[in-house]
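First to last, the protein sequences are chains G and V. The numbering used here numbers the first residue of the first sequence as 1 and each following residue consecutively. The numbering used here numbers the first residue of the second sequence as 1 and each following residue consecutively.
Treat the hints with caution; some may be incorrect.
Label-pair restraints from in silico Cβ distances [claimed, not checked]: (1) V:V5 x G:S65: 20 to 28 Å; (2) G:P8 x V:K3: 16 to 24 Å; (3) V:E39 x G:K40: 14 to 22 Å.
Derived list of chain V stretches under chain G, where covered just means 3 residues or more per stretch with a C-beta under 8 Å from a C-beta of chain G [to be verified]: (4) 16-22; (5) 99-106.
Quick caveat, the hints were computed from the structure, so don't treat them as lab data. The model shown is predicted, which means the values in this text are computed figures rather than measured ones. Ideal Cβ positions, reconstructed from N, Cα and C, are used throughout, including at glycine.
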Amino acid sequence: DTAVSQTPKYLVTQMGNDKSIKCEQNLGHDTMYWYKQDSKKFLKIMFSYNNKELIINETVPNRFSPKSPDKAHLNLHINSLELGDSAVYFCASSPRASGRSTDTQYFGPGTRLTVL
Amino acid sequence: EDKVVQSPLSLVVHEGDTVTLNCSYEVTNFRSLLWYKQEKKAPTFLFMLTSSGIEKKSGRLSSILDKKELFSILNITATQTGDSAVYLCAVEPNTGNQFYFGTGTSLTVIP
Numbered sequence: 001d002t003a004v005s006q007t008p009k010y011l012v013t014q015m016g017n018d019k020s021i022k023c024e025q026n027l028g029h030d031t032m033y034w035y036k037q038d039s040k041k042f043l044k045i046m047f048s049y050n051n052k053e054l055i056i057n058e059t060v061p062n063r064f065s066p067k068s069p070d071k072a073h074l075n076l077h078i079n080s081l082e083l084g085d086s087a088v089y090f091c092a093s094s095p096r097a098s099g100r101s102t103d104t105q106y107f108g109p110g111t112r113l114t115v116l
Numbered sequence: 001e002d003k004v005v006q007s008p009l010s011l012v013v014h015e016g017d018t019v020t021l022n023c024s025y026e027v028t029n030f031r032s033l034l035w036y037k038q039e040k041k042a043p044t045f046l047f048m049l050t051s052s053g054i055e056k057k058s059g060r061l062s063s064i065l066d067k068k069e070l071f072s073i074l075n076i077t078a079t080q081t082g083d084s085a086v087y088l089c090a091v092e093p094n095t096g097n098q099f100y101f102g103t104g105t106s107l108t109v110i111p
């Protein structure tokens, strides 16, 4: 009964490859997010989607593209992977749109991406 | 099953009060416990704890870990309205591949 799930759990790939990370939430939430956790444990927001509309994009390179086939899914596609992309990526969801409330975000377990 | 439980779920205090937030966990092969403060955007990293009994302090915030009893507390003294936020606890196991987040404690500080 995982609320927010991500696949794969870890991903090791070569520089220049294209990869995707999938996220699904079964909470019926309206908004989903992608975060990147750096080596110092800081969480940096990358995207959020509210009812299929992108509402936040924090200066993320355009090699990163979120794709939301439906309200329960927000996938992260990364083109031309670089060494600096190595990090843990977290998906999260919340009941309402970001900026209108401080509802708790429910985090997925993370995907550890290693680019060689 | 690995899990993280935070309590209380929500808390309303007056400015100047001291609060203690709790995070208990069950995880196989513990590596670290992290505290975040979440306001409207991305959670802000507060502390990472790896060793029992060593208090980490930043201004009015402090945190300590008890690896024997499997919990951590986050203390905030002399609370201010700017402390109003959701405080998240996350635990990282030794596998390094997953994090387990609690659902957070929603703190409201009223003037």
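Going down the list of hints, with the structure as the test:
Restraint check, V5 (chain V) to S65 (chain G): a C-beta distance of roughly 36 Å breaks the suggested window 20 to 28 Å. Checked against the hint of 16 to 24 Å, the C-beta distance between P8 (chain G) and K3 (chain V) comes to roughly 21 Å, which is consistent with it. Taken as a hint, the range 14 to 22 Å holds for the pair E39 (chain V) and K40 (chain G), whose Cβ atoms sit roughly 19 Å apart. Only when three residues or more bring their CB closer than 8 Å to a CB of chain G does the claim for the segment 16-22 of chain V stand; here the count is 0, and the claim is violated.
For the segment 99-106 of chain V, the proposed coverage by chain G is satisfied: 6 residues have a C-beta within less than 8 Å of a C-beta in that chain, meeting the threshold of three.
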